Every structure is written in structure tokens, then in C-alpha cells.
Amino acid sequence: MTATGPATVPATAALALGDDALVLSHRLGEWAGHAPVLEEEVALANIALDLLGQARVLLSLAGDEDELAYLREERAFRNLQLVEQPNGDFAHTIARQLYFSTYQLLLHTELAAGNGPFAPLAAKAVKEIAYHRDHAEQWTLRLGDGTEDSHERMRRASEALWRFTGEMFQPVEGLDADWAGMEERWLESVRDVLTRATLTVPEGPRTGAWSAGAGRQGLHTEPFGRMLAEMQHLHRSHPGASW
Amino acid sequence: MATAAAQRTAGTQPDGDGVPDTADTADTAAYQRAFDAAVAADERVEPRDWMPDAYRATLVRQIAQHAHSEIIGMQPEANWITRAPSLRRKAILMAKVQDEAGHGLYLYSAAETLGTGRDELLDKLHSGRQKYSSIFNYPTLTWADVGAIGWLVDGAAITNQVPLCRCSYGPYARAMVRICKEESFHQRQGYESLLALSKGTPEQHAMAQDAVDRWWWPSLMMFGPPDDESQHSAQSMEWKIKRHSNDELRQRFVDICVPQAESLGLTLPDPDLRWNEERGHYDFGVIDWTEFRDVLKGNGPCNEQRITQRRRAHDEGAWVREAAAAYAAKHTGTAGAAGHKTHETGAARA
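Top line first, the protein sequences correspond to chains A and B.
Quick note: the first sequence uses the numbering used here, first residue 1, plus one each step.
Quick note: the second sequence uses the numbering used here, first residue 1, plus one each step.
Computed spacing ranges between beta-carbons, pair by pair:
#	chain 1	residue 1	chain 2	residue 2	range
1	A	120	B	188	29 to 35 Å
2	A	120	B	199	33 to 39 Å
3	B	188	A	239	26 to 32 Å
4	A	239	B	192	20 to 26 Å
5	A	239	B	231	50 to 56 Å
6	B	54	A	238	51 to 57 Å
7	B	293	A	120	54 to 60 Å
8	A	223	B	293	42 to 48 Å
9	A	188	B	139	45 to 51 Å
No lab work stands behind these hints, which were simulated from the structure alone.
Keep in mind that this is a model prediction, so the values were computed, not measured.
Glycine included, each C-beta is placed from N, C-alpha and C at the ideal position.
Excised from the complex, chain A in its bound form (with noise of 0.2 Å):
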């Protein structure tokens, strides 16, 4: 970081886009041994560590790294609802990939061409975000428009976590970005990437009174509680602990 040191970057807003990357990321690392093909072992978990190198940036600036990821309850966490979604079937794993990538996409652009405290590490993950944009565009296509049976599966998907994409465009503290703007064109692309794999866009509500920027309070969906107990029960066992 520059003259704008990392004492001046809103904690909040490093929290939220650092705990993005970090569930996401862990939800990416539970496909390990998993994929439906060799060469997605190595896609899925690059994406994964990509947005690890993220987390790890971003929660460091907020405080010890180690400390937000394995010792705040599932009340601390400030990522969307979106992300900490099971990984499902792969069609829903990718569903997610690209509702998530396109906004974060949009967002690290923004960033990056702005001289906010967040503008240095923005411009490098952009290069990494349109590599997962790409890798989730290609799969939706290649589900949407390949069989009968990838057409349905991935309908199902676009649908099911259609009402968890309102949240991101909910504004966060400390983060100064064209949420508006934002929106439409992400529905603009989103709408550009289904309807060339052959699928509608979902016509279901994309927020409700309790997922309109939940996440971002703290406010989580059961699985979530899960893959916590799961991620930190090992640091949790040994409280004080190096490794």
C-alpha cells in the first residue's frame, strides 16, 4: 500500500470483500478429489486459491488474518449469502461461479480505476477475476446449450440461487462504487451469458426482506454455520497455537 496506509482502510468493507473470497473459496476447496474431470480438479482449485490469495490480503488489512477466519462465529462474518451457498451438482457450482465473478468483476474494475485505499489490490485481482468470469461463461454454456439433461440441471441452478444475487448490490461502508450502475449492467451481462447458453433469465424475486444485504449484517443461511464448525475446529482445539 502507498501513502494511504492500511490504517486508513474501512475494516468494514476489506471484511466484506475478504470474507467473499474466503467462503467462496472454501466452498471451491470442498471439490477437491470431486471434479467431473481432471482438467476442473485443476480449474476448481486454482479459482479457489486465487481467491484465497484475496481473503488473505484483504482480512490481513482488517486485522490477523488467522484470527477473522477462525475465530469469529457465524454472526462476524460479513460475506454474502451467495457465496456460502453448498456447492450442489457442478451445474450449481458454476451458477454460482457466475453470478458471483461478473459482480466481483464489476466491482474490482471499479475499484482499481478509482484511487480508493482498495485501488492497488483491486488491479491485481481483476486479472484473476476475469479468469473465473471466463471459466464460469464457458461452462454455462457449455451446460445450457450441451444436453437435455445439462440444459435442465442448469436451469434449475440459475434459478435456485437467482433470489441470493440482490444482496450484492446492496452498498457497503467504506466502499465508494456505482451500485446502481453496477446492477444493470450485471443483469445485462448475466442476461448477454444465459441467453446464449439457451436459458431464460429467472423471473423470481431477487431479494426479499431477508436476504436484501443479510449477508453483509451477519445474517446467514443455515449450511453456512456448518462449514464453519468444519473450517475451525482444528485452530479452535488449540487455542494459542502456531503451525
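Once you have looked at the hints, place chain B on chain A.
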């Protein structure tokens, strides 16, 4: 590059399928002489060169088994990705498991140069007709096992594999050069992780010692049966696929590990382990070959679990692979947005 001798033989086979077109025994004898001369001169055999059927079959078996070991070997370590105790260790472990998938891909490619296909090889793995390293049939019960695998299992693999960088078959030798570089890195990380545990709290130290106690003997078994019981060794050494005997490599590994264990502050679970001044090597106890054979036969602690998970991943992923194939068939030859190209450029749109 094809060798001089092998080029001479390949020159008589413009189709380059590596199989003599006729059963002419005089030709076969000439090919055999050229092959023997190339191997004797330490030249590399390349995919388009003539090679004895048995040489080809041995390489397919060995490279496939090696590839399968990388793929099955992801499981015991992936078992700890979601529980890794720090973000740094988690990143290291994820990178390692990713490298293993990559090594599997290199090795399947090397095997494919011998005229087999990845699908066929995976099918043989899934049906139990081809094996993978027996070490991966042991469970990872604690976090320290991840470090012990890095130090001991990767260490044994490197001891085995470094000589393969000079193996007579070019594609295999080149794959091993790339793989050994990455494996050495993983091994250092495993050692470093165990060191952190050994120097940590009493609980962490005990965890590290327990892991080493459980992984030591299975690691020694990775070098295969003793020389007098190793059915493929003599021929493989003659062909320069193998450069050292199982027992030689095992001894080399023990000699390397003993001082490393000392600097880790951990002991090795062998009361007979001691320096032999006369031999200039460490003497060590007798390996439980009954256990080794049991695990090879499928009766180890995790054989069933490992192969079931592999089959399930493959079966549950079938619809994804079918979707990719159907999409490719539809979009082949078009300048579609996906830009996906296949070799079947002449295939009609479905």
C-alpha cells in the same frame, strides 16, 4: 528428438504406428538390434520409434499406475483442505492437491503417446485392473498426517522418481523432470509443517510423532517388494526404465531420513534402526510384507473408500462430460463465441 538409431528404424515405418507392418522376422530382428543399441547408448526412445511390445506394455503399466497414484493420492490430503488450521497452510495444501491433478494429466499424456487413451486407463483404474500406490490406502487421521505425507511419502516418491528423469522413454523422462521439481517443493513444505508441529505445543509435538509412527513403514513399502521378489525389476533395469533396484532406493531413503528425523526432533518407529559403520549405511528392521501384500490385494484400511470416491466422482460427472461433448459437436467449425475447437473440424453440426 528421436535418436539416431531410432530414426533409422522409424524411417522404415512411414506410418509411424510403432508396429511393424509385416511379420517379417528379419525386419523385426533389425528393429530389435537398433532399439537395443539405442538403449545401450543411453539414447531416448520416442513415441514414433519401434519398440518391443513388452517394453511398450511395461511402460503403459508403470506410467498408468503412476498417473493413477497422483489422482488417488489427492484424496488423503484433500481430506484436510477444509480443516487446515491456518490460511497459509490451507493455501499450500490446495496448491499441492492441484499440482497432483496436474501431474496426473502429464502422466496420462505420456501414457497416451504409447497408443492408449486416458478414458481406457481410467476405466482400468475404476475396475481395479490397474493399481495405484499402496500408500494411499492409509487414512489421514490428524493434521500432522499432511506434514508426514509431505516429508515421508513425497520424499520416497522423489527418491524413486529422480532416476526416472533419465528413463529410456523420452516422454516419461520429460514428465518426471517437471514433476520432480514440484514434488521437491512439496516435500520441503511437508518437512517445514512437521517442524512447526514438533517445535509447537506438547499436543502438537505428540500429533507429529504419532503421524510419523504411522507413516514410516508404509513409506518404506513404497519402494516395492525386496529385490529377490520383484518380478519386473531385472527386465526394467535392462531397458533402462529403472536405474536402481528397490532395495537400493529404499536404503538411500532410510539414510536420508534418519538425520532429518533427528533435526525434526522426532523418532522413527524402528528399534533395529542403527548406523552400520562397516556398510556405511543405516541398518533397519524387517518390513511387514504380509501387510504390504494385503493392502495391494485391496484389504488396506482405505482401498474400498478410495476407489468408491473415484468412481463416484467419475460417474456423477458423466453428465458434465456429455454436455461438453454435445456442445463441442454443435459448435465445431463455427467461429462461435466460445471459440472452442476440436480436431473433428469436419464434423457436421448436430
